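Make a model of the complete structure from these sequences and hints.
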Amino acid sequence: MKKLWCHVFAVLIFCSSLTAQPARTKSLRNASYNIKVTLNAQKKQLSGTEIITWKNITSKPATDIRLHLYMNAFKNNYSTFLKEAGGSLKLLSKKERWGWIKIRKITDSYNNNLTDKLKFIHPDDNNSEDRTVAVVKLARPVLPGRKIILNIDFTTQLPAIYARTGYYKNFFMIAQWFPKLGVFQKNGEWNCHQFHRNSEFFSDYGIYDVTVNVPAEFKVAGTGNIVSEVKKGLTKTVVFHAEDIHDFAWTASPDFLIKEINYRGTNIKLVYEKDHSSSVKRTFTAVKHAMDFFNSWAGPYPYKNLTILHPPTGAFRAGGMEYPQFITAGTFWNIPANLRFTELVTVHEFGHQYWYGMVGNNEFEEAWLDEGINSYFESKIMDKYYGEESSIINLKFLKVGEIVNARNTYIGNTRRDKTLRPSWTYTGGGYSIFSYQKPVLMLKTLENIIGTDLMQKIFRTYFEQWKFRHPGTENFIEIVNKVTGKDYNWFFDQFLKNSLELDYKVASVTSKKMPKPDGIFSDSTKKKLKKNSDLYYSVVKIHRKGEAVMPVDVLIVFDNSDSLRYKWDGKERWKKYTFIRDNKILYAEVDPQNKLLLDSNFTNNSRFTEKNRKATTFFSISLICFYQNLIQILSFIA
Amino acid sequence: MKILYKSVKETFYNMKLWIFLYIIQIVPALLVSIPVNSAFARFAGKSAVVDSIFNGNIFSVPLMEFNVYNKDILSYAGNLLPLLLILFYFLYLFLKGGIIYRFSERNKTFEFPELMKKSAEYFPNFIKIALVSVLFLLILFLLNIPVSILLKRLAGDSEPLIVLFLFCRILLNICFLIIIKAAFDYAQISTVILKKKKVFKSVKNGWRFFSQYPFKVLGLIFYFFLFFIVFSIIYYLINMLIPVRYAFGSIMSILFRQIWMFVKAGLLLTLISAEVNLFSEYEIPFLKWWYGTSNNQE
Chain A
1 MKKLWCHVFA
11 VLIFCSSLTA
21 QPARTKSLRN
31 ASYNIKVTLN
41 AQKKQLSGTE
51 IITWKNITSK
61 PATDIRLHLY
71 MNAFKNNYST
81 FLKEAGGSLK
91 LLSKKERWGW
101 IKIRKITDSY
111 NNNLTDKLKF
121 IHPDDNNSED
131 RTVAVVKLAR
141 PVLPGRKIIL
151 NIDFTTQLPA
161 IYARTGYYKN
171 FFMIAQWFPK
181 LGVFQKNGEW
191 NCHQFHRNSE
201 FFSDYGIYDV
211 TVNVPAEFKV
221 AGTGNIVSEV
231 KKGLTKTVVF
241 HAEDIHDFAW
251 TASPDFLIKE
261 INYRGTNIKL
271 VYEKDHSSSV
281 KRTFTAVKHA
291 MDFFNSWAGP
301 YPYKNLTILH
311 PPTGAFRAGG
321 MEYPQFITAG
331 TFWNIPANLR
341 FTELVTVHEF
351 GHQYWYGMVG
361 NNEFEEAWLD
371 EGINSYFESK
381 IMDKYYGEES
391 SIINLKFLKV
401 GEIVNARNTY
411 IGNTRRDKTL
421 RPSWTYTGGG
431 YSIFSYQKPV
441 LMLKTLENII
451 GTDLMQKIFR
461 TYFEQWKFRH
471 PGTENFIEIV
481 NKVTGKDYNW
491 FFDQFLKNSL
501 ELDYKVASVT
511 SKKMPKPDGI
521 FSDSTKKKLK
531 KNSDLYYSVV
541 KIHRKGEAVM
551 PVDVLIVFDN
561 SDSLRYKWDG
571 KERWKKYTFI
581 RDNKILYAEV
591 DPQNKLLLDS
601 NFTNNSRFTE
611 KNRKATTFFS
621 ISLICFYQNL
631 IQILSFIA
Chain B
1 MKILYKSVKE
11 TFYNMKLWIF
21 LYIIQIVPAL
31 LVSIPVNSAF
41 ARFAGKSAVV
51 DSIFNGNIFS
61 VPLMEFNVYN
71 KDILSYAGNL
81 LPLLLILFYF
91 LYLFLKGGII
101 YRFSERNKTF
111 EFPELMKKSA
121 EYFPNFIKIA
131 LVSVLFLLIL
141 FLLNIPVSIL
151 LKRLAGDSEP
161 LIVLFLFCRI
171 LLNICFLIII
181 KAAFDYAQIS
191 TVILKKKKVF
201 KSVKNGWRFF
211 SQYPFKVLGL
221 IFYFFLFFIV
231 FSIIYYLINM
241 LIPVRYAFGS
251 IMSILFRQIW
261 MFVKAGLLLT
271 LISAEVNLFS
281 EYEIPFLKWW
291 YGTSNNQE
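Those sequence lines, one after another, are chains A and B.
The first sequence lines up with residues 1 to 638 when you count with this note's numbering.
The second sequence lines up with residues 1 to 298 when you count with this note's numbering.
Errors might be hidden in some of the hints.
No farther apart than 27 Å at their CA atoms in a straight line, the calculated lysine-lysine pairs in the DSSO-like style are these [said to hold, decoys possible]:
(1) A:K512 to A:K486
(2) B:K152 to A:K95
(3) A:K274 to B:K71
(4) A:K259 to A:K269
(5) B:K152 to A:K43
(6) B:K71 to B:K197
(7) A:K513 to A:K497
(8) A:K527 to A:K516
(9) A:K384 to A:K396
(10) A:K95 to A:K137
(11) A:K512 to A:K497
(12) B:K71 to A:K611
(13) A:K186 to A:K43
(14) A:K418 to A:K513
(15) A:K281 to A:K269
(16) B:K71 to A:K505
(17) A:K169 to B:K118
(18) A:K90 to A:K169
(19) A:K516 to A:K584
(20) B:K118 to A:K90
(21) A:K90 to A:K117
(22) A:K105 to A:K169
(23) A:K117 to A:K304
(24) A:K55 to A:K102
(25) B:K71 to B:K9
(26) B:K152 to A:K44
(27) A:K467 to A:K186
(28) A:K545 to A:K516
(29) A:K231 to A:K186
(30) B:K2 to A:K418
(31) A:K94 to B:K152
(32) A:K545 to B:K71
(33) B:K6 to B:K181
(34) B:K2 to B:K195
(35) A:K614 to B:K152
(36) A:K186 to A:K36
Stretch by stretch, here's where chain B covers chain A in the computed footprint (C-beta under 8 Å, at least three residues) [stated by the list, open to error]:
(37) 309-320
(38) 480-494
(39) 631-637
Keep in mind the hints are simulated off the structure, nothing from the lab.
Being a predicted model, the structure only gives us computed values, none of them experimental.
The beta-carbon is built from N, C-alpha and C at its ideal position, and this holds for glycine as well.
Here you go:
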């Protein structure tokens, strides 16, 4: 009996130990922040303290820590960000308009004062004037699996909104405002890049408890749940709590209007000013579409909150950005319904909740994994809900869809750069073309090859495996290969890691009447030739003009509507098809379904034997009339 | 309306002049279009996608790709066009003296040598008048700077006000441009009809005529604007119905569009004729009364 009781007791202890075990969290939560900050709306300044709890989850000791101090990007025109931005800095040109962040004091949990150990470094470009990354030598290393707690007192001067963050009159968009850790990697090195014009962010996941004090008349919104909101005298204290996120941003203004809806268990809050009231319904509709799509193509949105901000007039530069559970979109007063920029930016930024927010790739080094994949999702959502041909602009004589837009940007620049490169190393508009537009075309081409169902499965698997973690390009390719059961490295080697141009062309199509038979033939051949006296010798030449190789379909149509379809592996430079038939060829087409959206020239994909005079005449008339109109306008002026 | 009716009749009476104006308007258009057209035919003429240009969307595949892959020819056209427009401006300015003279001498048949002779006679003065008009345009441009600053301040961050003020500013600018255009049209007319040799006197006459009969002058322009709008709507409605995808439709489209261009050239001539008639009807009796004589020439 005693033994039985011992067993029962042991089982009970085991069961209780099971229930006492903490619930598995979404992320590793190795970088958590407890921040208390006060906004001085007059001085446009934040002052506060933060407690960072960081756990070393690698097998290497950390002898120092690295901090992002991104508000220093707006400190002076020698910062890497502003040097790269170029152009006019008029917006920042007054003393009170520059922004900066200063660490007043930093101590560890053993009360070691580390303030003097702080040094600025510039790992990306050796720009000694850049103050956006700091290294702090620790008093003792943080061993694998151990934690360190850092107490930091800091002051942040907000800049006039130049890009993403800052103030405009009484409106505050507060992002990149507190000292934030970089990512300590498996190799024992920190990944902590400077703030660049063309780069975004990379951080570890954790829990954020943020308390903000603002003037009592201000309305506040931002990342996470608002736990409490208390007015006391002239001050309002708002407490936020958010889990499994890697950044925190918030916004404040006395002029905000707020509308909330609940969709799929998430409280969606739209923050806007009165001029943008006409966009409320459109914004909610767009975000609902996006949520529906992501639900089936990646997974359910797991957070309870989502805040969307339409920045007020004068602060548009705060728009079009993503932060965990908080996005900034952008709209205009009474923007016509057939110009879908509000929808587009809302859908895009919502998508970043997945590709950046939950799947936290390194945005500095492999921006295509968030911007590119997200743009692909944006294009699918916009096309699905707003029409493929006119998902962005739907005017009578100007219709722009997502794919047309992406191709228009990409096709003239195919060889200019490649997709897989650190985002700050692009020149000109390369970042936008190769991190946003080209990946859209690349992924859409892949979808056209493998099928929509497999593509959906790829993204569901990728999201499931890598949510709340830091995947890289190879992890994505690995999933593509695993889900499809085929090796697609050849595809990514050509279009992701390199910049090979894809262009298949119908070089020529000819049909010539066969000459009368002359010479020595067998009797049976003679009979046959006599029977088919109108035979044509037709030749179709297909040319692989670009360096990239893809298997392609070839369609050949004869003038009696007969058609032939061939599959060509596309490897050789030329492919010749010859026929002797009693019909002439009407036209030939390579990739007739336009599956290969990376093909840099669709016009040369097909070729008729004869010129389309009606179409070229129409072009001529239109062009002549256009110039005539210009000249007539001038005549009326003179 | 009486003046308008008379002017339409005179335009038809000067059919040769009308045809001549139409021809000189189409020549520069052809000069720019021909190389672009042939490049387009080479690039996309045999492609299956070329049909999509019928939908009129500038982002259709052949237009978009033509734009990307034919930068040389497009930049050639882009450089040639402003040059041709400048040349055309001077050619038209040259001819305008002759055209005004033609309408001032009623019931005479159009003769090409006379047009050239009179054009050459008034051209130097017309150039000078054009230069003075540039001064007025410059003033208008400069006035826009403080006005836009003021409106920006008044609108503040209110988007409805920003849009409203923008439209108001555009509308005001159009009104001022019409007034300047009208005044300088009458300056040109007074040069021809009153045989004024001094440019400033012509300009003064133009402005005086405008200030004396602002409603008549603007009313005339308003009527023309109205006709233009009505004709444009009719044109676009009919043009939309033409099935350009078919051979017959293509030919119809060519003819119809060129008829429209021809009508617009006629409208321009009618406007000049109407302005000449208005000036003759009101200014000459006024000058007769002013000087007590019909001989008011310098």
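Verify the coverage statement for the region 631-637 of chain A against chain B, using a C-beta to C-beta distance below 8 Å and requiring 3 or more qualifying residues.
-> Held - the region 631-637 of chain A has 6 residues with a Cβ nearer than 8 Å to chain B, which meets the minimum of three.
Quickly compare the C-alpha distance for K186 (chain A) and K43 (chain A) to 27 Å and report which way the hint goes.
-> 42 Å, violated
Would you mind confirming whether the straight-line C-alpha gap from K152 (chain B) to K44 (chain A) stays at or under 27 Å?
-> 24 Å, holds
Hinted pair K105 (chain A) and K169 (chain A), Cα distance within 27 Å = 30 Å, violated
When you check the alpha-carbon spacing of K118 (chain B) and K90 (chain A), does it fall within 27 Å?
-> Not satisfied, since the Cα-Cα distance of roughly 55 Å exceeds 27 Å.
Holds or violated: K274 (chain A) to K71 (chain B), with C-alpha atoms at most 27 Å apart = Between K274 (chain A) and K71 (chain B) the Cα gap is close to 45 Å, so the pair fails against 27 Å, i.e. violated.
Can you take a look at whether the region 480-494 of chain A is actually covered by chain B? Rule is 3+ residues, C-beta closer than 8 Å.
-> violated (count 0)
Does K512 (chain A) pair with K486 (chain A) here, judged by a C-alpha cut-off of 27 Å?
-> 43 Å, violated
Are K614 (chain A) and K152 (chain B) close enough, with their CA atoms no more than 27 Å apart?
-> 50 Å, violated
27 Å limit on alpha-carbon distance, applied to hinted pair K71 (chain B) and K197 (chain B) | Since the Cα atoms of K71 (chain B) and K197 (chain B) sit roughly 48 Å apart, the hinted pair is violated (cutoff 27 Å).
Pair hint outcome, K512 (chain A) versus K497 (chain A) [Cα-Cα no greater than 27 Å] | Distance ~45 Å between K512 (chain A) and K497 (chain A) Cα, so the pair is violated.
Do the alpha carbons of K71 (chain B) and K505 (chain A) lie within 27 Å of each other, as the hint requires?
-> 20 Å, holds
Against the hints set out earlier in the document, violations occur for numbers 1, 3, 6, 7, 10, 11, 13, 14, 17, 20, 21, 22, 23, 25, 28, 29, 30, 35, 36, 38.
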